[in-house]
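Under full-length UniProt numbering, the sequence shown has 417 at position 417, and the numbering climbs by one with no breaks.
A hint or two may mislead.
Stated by the list, open to error - The calculated lysine to aspartate or glutamate pairs, modelled on DMTMM-like cross-linking and capped at a C-alpha distance of 20 Å, are:
| id | residue 1 | residue 2 |
| --- | --- | --- |
| 1 | Lys760 | Glu770 |
| 2 | Lys389 | Asp423 |
| 3 | Lys736 | Asp819 |
| 4 | Lys438 | Asp423 |
| 5 | Lys693 | Asp595 |
| 6 | Lys634 | Asp704 |
| 7 | Lys343 | Asp277 |
| 8 | Lys320 | Asp665 |
| 9 | Lys576 | Asp780 |
| 10 | Lys565 | Asp630 |
| 11 | Lys343 | Glu529 |
| 12 | Lys252 | Glu284 |
| 13 | Lys699 | Asp748 |
| 14 | Lys252 | Asp299 |
| 15 | Lys302 | Asp334 |
| 16 | Lys624 | Glu574 |
| 17 | Lys736 | Glu759 |
| 18 | Lys570 | Asp665 |
| 19 | Lys736 | Asp799 |
| 20 | Lys699 | Asp663 |
| 21 | Lys699 | Asp665 |
| 22 | Lys634 | Asp705 |
| 23 | Lys576 | Glu390 |
| 24 | Lys570 | Asp504 |
| 25 | Lys576 | Asp665 |
| 26 | Lys804 | Asp665 |
| 27 | Lys772 | Asp784 |
| 28 | Lys693 | Glu562 |
| 29 | Lys518 | Asp504 |
| 30 | Lys625 | Glu831 |
As the list claims (entries may be wrong) - Label pairs and their computed distance ranges (CB to CB):
| id | residue 1 | residue 2 | range |
| --- | --- | --- | --- |
| 31 | Glu467 | Lys634 | 49 to 57 Å |
| 32 | Arg808 | Asn749 | 37 to 45 Å |
| 33 | Lys534 | Ser793 | 53 to 61 Å |
Think of the hints as simulated: they come from the structure by calculation, not from any bench. Glycine included, every Cβ here is placed at the ideal spot set by N, Cα and C.
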Amino acid sequence: MHFCPNCGAPVVSGSNFCQKCGANLKQEAAKLAALKQGAPVADMGKKEVATTVEGTPSTDTDTGTGTGTDTDTDTDTDTDTDTDTDTGNGHIIASPLTFFERESTIDKLKKTNEPAISSGMYPQHDDGQWDRVNRAKNEPTEVPKEMKKSVNEVFSGQAPTFGDPAQSLHANEKSDYLNEAISHNVDTQIVREDETAKKQHALDYEKKLLVHGETVREDNLSGTQVSMKRQLKIQLNALYQQIAITFKVTPKTGSIAKKFERIRQRVSRQIEGYDYDEISNRVEPLCEENHVVTQQDIDFVKRLIQKYRNYYLPSQLEQKLDYLSGQSSNAIVDAEHLNNMQKYMHVNRGSLEDDFVSLLKGLNNRKGKLIFLVGNVGDGKSHLIGHLKEIHPDIFAKTNINIHYDATESFDPQKTAMETLFDVLSPFADSQIESATKNWIIAINMGVLVNFKRQAEVSGEFNRLIEFLDNSGILTSHTNADKLNSVRFSLLSFRDYPLFDLDDTGATSQFYDALFDKVATQNEGNHEENPFYKAYLQDKAHYSMRLTHHNYELFCRPEVRETLKYLLIKIQIESKVIISTRALLELLHDIIVPDKEKEGGIITYQQSLPYLLFGGLGDSLVIKKINEFDPLSKQNRKIEELMSHVYNSQASLKELVNAYLNDDDARSIDWLWNYFDDDLHLHDSVGFLLRIKYLLERKDSVFDDATYTRYLHLLNLLTNNAGSDPAIHQFYKAVKQFIYNWSGSPQDNYIFTYINAQEKFGVAVPFELEFKGIMTHDFDIIFDLKNTDAGTSYHLVIDYDLFKLITRVNNGYLLKNEDRHKYVNVATFVENISKSRRTIKDTLIGNVETNQFYHLSYDGMDVEMGEK
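Sequences are here, hints too, so could you generate the full structure?
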């Protein structure tokens, strides 16, 4: 940045004249150069107080809080060099070009902890330099009348004030200034002349501004603002040095703005995208000459210094969240030695734990018993056993319990896992079971249990055990609760203890709530302090806030956790996804911690929680299913209106979000705007709006899902044995009509059993549906129905997908061939139920297009045909 030697106003490099005062810049520069050489200058205009020039320009030495000297080896032709010397202790020693050279000499001699000059009499630019306004001349001139005061009056603080630019020094500052000069044997007469000249210059400067129609801002010229500008300069230099140290970059010289521009480019490959933009958009503007400094600016730069000091320190929060990852060693549980995190993360499984403890308490040392704990991979079988051993060590010790923790592993390199399992179970073979005295718990996956039964049947050694497994129903879709416990065998299956329940509000899960709280609760100081939140606070104290921390903040919002719980239950009911505890924990890790490797190390808004949840990649089946429920994929009138509004709006995306969300929700995602680089396309903008809205305000009418809500209501009625409720009866009527629509019907109480490919000829049989019962299993609705004249009833299993189809058909949707191919169970049901004694005696055949049919009847002796 260049300044006019006459008035101190900033000028564009290469200009011939100052746009403020009209001075010829070359002539003024020549005068200044002659003045600095001590030579007389001709044609100087009006006379002013003469000064002498002492000292030489200093280079920019940044000591700040960093290390090393800022020496520029760059061949940059930029001549706007920062000539201030930052002492690093709160002082800026001005160069001879900053203001009167004699003051510079005095300041360099001062070496104290007080600012060199704090009068605030000259406007200061953001780079920390005073306006370069040396208008002194070799020969002295007469001081203006209003400024003719004795030295004692000037330094006593009684001198007149000429507006804010020329406000007098405080008495203590002036006396310190004079005393310091005396203590260093500086001619006090020269000091007095400097003071008088400064006042004259300030008065002239104010007049120049008024002539050009400008006013002087008091806050820009006040002592407070001057002090804050100095503080900001010191902190900016310290930040520059810290960034250079952090990224191992050699510091350069130049203006502070130029230095930040350079270093930003040099570290662009090492720095995160958000941090790069932060330097460009938030730090570099602080270096501009017209920036008005606030305390918030200074505090902000101080925080950045701490941030870059800790930039490569491992995040405590990310380290804790890694415990949730499926790649973590924590995912493998040693039931003999649960670590502290595994103990902390335990969530009570309710009746499953209670039933398990009851079985354990019923064991004795006289008759050995075999207990199967059956579940899928990651359900927490080993964890549950380890937890119960922790809280009930007496039971395990007293009843001589042996445990085979993982029936998929072999501990003998010469044997397979199945051979090891046969060895473990040998005391319960038919030939040894009566003499068995040891109790065993087998934690086993469902697939392994199926393979064991198959091989045990071949061996013929475990017939009693096979009979128990068959009676329990564990290998079918329906477990027989009355057959899960016998004298020698017992069985507990995680499948029989779902992680969520249905109630009048829809679906709820105490397990999910408790598990989410383990990660999100802010219970600092309690007996069980949340290690995740504690780690978050530790990172925050070190100013180590990354996108992971903001995702964590968003997850901690109750509305977001409620939406996540809603989605988890929804994909289990609608898509039959099995979610193990391990898969759930991995999900939490994957939607909070960005995957830097997949994005090439660049962190953007697409690594924020809404995008990781609805657009996340990877092998997680849970996230893949949640992707299918992305609110962007929904289509309804309100969403179409939103798309139209976004397309036609001139507002920014941030303004749209602020208008679309309530105030609290909009404020909670302010951090997210730091990760947006450019404007998004229409599709992405709508997607962002919908995803954020869905997470924070899912119950908004734009996301209304009446079909799913109705299905949950029916399930809840059936779960609570309310089969006679009018809603159940209404649904039965809809199912009956659906069967007629599925098959087609020429007239009441008949359905087609055959229609040719041209759909011209068809055969129909009598059909009168009779209701036998209704129940629910595994979140399906099961009707027990029969044809009135038939002796056998059949089950029609209706899952959520079929429920949606039934609803659509009853609302006027016409079935397509792909529907009939997809729902094979409906075709099988109709084929079975249409058979009856009456269909043998009563059949309609005819033209489907004209609806002209003939009635075929059989009286036991002959077939008769008549027009129907």
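Outcome of the hint check:
The straight-line distance between the Cα atoms of Lys760 and Glu770 is roughly 30 Å, outside the 20 Å bound, and the hint therefore fails. Distance restraint check for Lys389 and Asp423: the Cα-Cα separation of roughly 24 Å exceeds the 20 Å cut-off, and the hinted pair is therefore not satisfied. Distance restraint check for Lys736 and Asp819: the Cα-Cα separation of roughly 17 Å lies within the 20 Å cut-off, and the hinted pair is therefore satisfied. With a C-alpha separation of about 14 Å, the suggested pairing of Lys438 with Asp423 holds against the 20 Å cut-off.
For the suggested pair Lys693 and Asp595, the alpha carbons sit about 24 Å apart, so the restraint of at most 20 Å is broken. Proposed proximity of Lys634 and Asp704 is supported: the alpha carbons are some 10 Å apart, at most 20 Å. At most 20 Å may separate the alpha-carbon atoms for a hinted pair to count; Lys343 and Asp277 exceed this at roughly 42 Å. Of the pairs offered as hints, the one joining Lys320 and Asp665 is violated, with about 27 Å between alpha carbons and a cut-off of 20 Å exceeded.
For a cut-off of 20 Å, the pair hint linking Lys576 to Asp780 stands: about 10 Å separates their Cα positions. At roughly 15 Å between alpha-carbon atoms, Lys565 and Asp630 fall within 20 Å of each other, so this suggested pair holds. Pair hint Lys343 plus Glu529 holds up; C-alpha atoms about 13 Å apart against a cutoff of 20 Å. Of the pairs offered as hints, the one joining Lys252 and Glu284 holds, with about 16 Å between alpha carbons and a cut-off of 20 Å not exceeded.
Pair hint Lys699 plus Asp748 does not hold up; C-alpha atoms about 43 Å apart against a cutoff of 20 Å. Annotation: proposed proximity of Lys252 to Asp299 is violated, straight-line Cα distance about 25 Å (limit 20 Å). In summary, the hint linking Lys302 to Asp334 is not supported, as the alpha carbons are separated by about 46 Å, beyond the 20 Å threshold. Distance check on the hinted pair: Lys624 and Glu574 sit about 14 Å apart at the alpha-carbon level, within 20 Å; holds.
Note on Lys736 and Glu759: the hinted pairing is violated, with a Cα-Cα distance of about 23 Å set against a maximum of 20 Å. Among the hinted pairs, Lys570 with Asp665 is inconsistent with the structure: their alpha-carbon atoms are about 24 Å apart, more than 20 Å. With a C-alpha separation of about 16 Å, the suggested pairing of Lys736 with Asp799 holds against the 20 Å cut-off. For the given pair, Lys699 sits about 17 Å from Asp663 by alpha-carbon distance, which is consistent with the 20 Å threshold.
Between Lys699 and Asp665, the direct Cα distance comes to roughly 14 Å. Compliance with the 20 Å bound is thereby established for this hinted pair. In summary, the hint linking Lys634 to Asp705 is supported, as the alpha carbons are separated by about 10 Å, within the 20 Å threshold. With a CA separation close to 34 Å, the supplied pair Lys576 and Glu390 exceeds the 20 Å bound. With a C-alpha separation of about 16 Å, the suggested pairing of Lys570 with Asp504 holds against the 20 Å cut-off.
The suggested pairing of Lys576 with Asp665 is violated, with an alpha-carbon distance near 32 Å, which exceeds 20 Å. The suggested pairing of Lys804 with Asp665 is violated, with an alpha-carbon distance near 33 Å, which exceeds 20 Å. The hinted pair formed by Lys772 and Asp784 meets the criterion: a straight-line CA distance of about 5 Å does not exceed 20 Å. Of the pairs offered as hints, the one joining Lys693 and Glu562 holds, with about 13 Å between alpha carbons and a cut-off of 20 Å not exceeded.
For the hint linking Lys518 to Asp504, the alpha-carbon distance of about 26 Å lies beyond 20 Å, and the restraint is violated. For the hint pairing Lys625 with Glu831, the CA-to-CA distance comes to about 33 Å; that exceeds 20 Å, so the pair is violated. For Glu467 and Lys634, the hinted distance range of 49 to 57 Å is satisfied, since their beta carbons lie about 51 Å from each other. For the pair Arg808 and Asn749, the supplied restraint of 37 to 45 Å is violated, since their beta-carbon distance comes to about 25 Å.
For Lys534 paired with Ser793, a C-beta distance near 60 Å keeps the hint of 53 to 61 Å intact.
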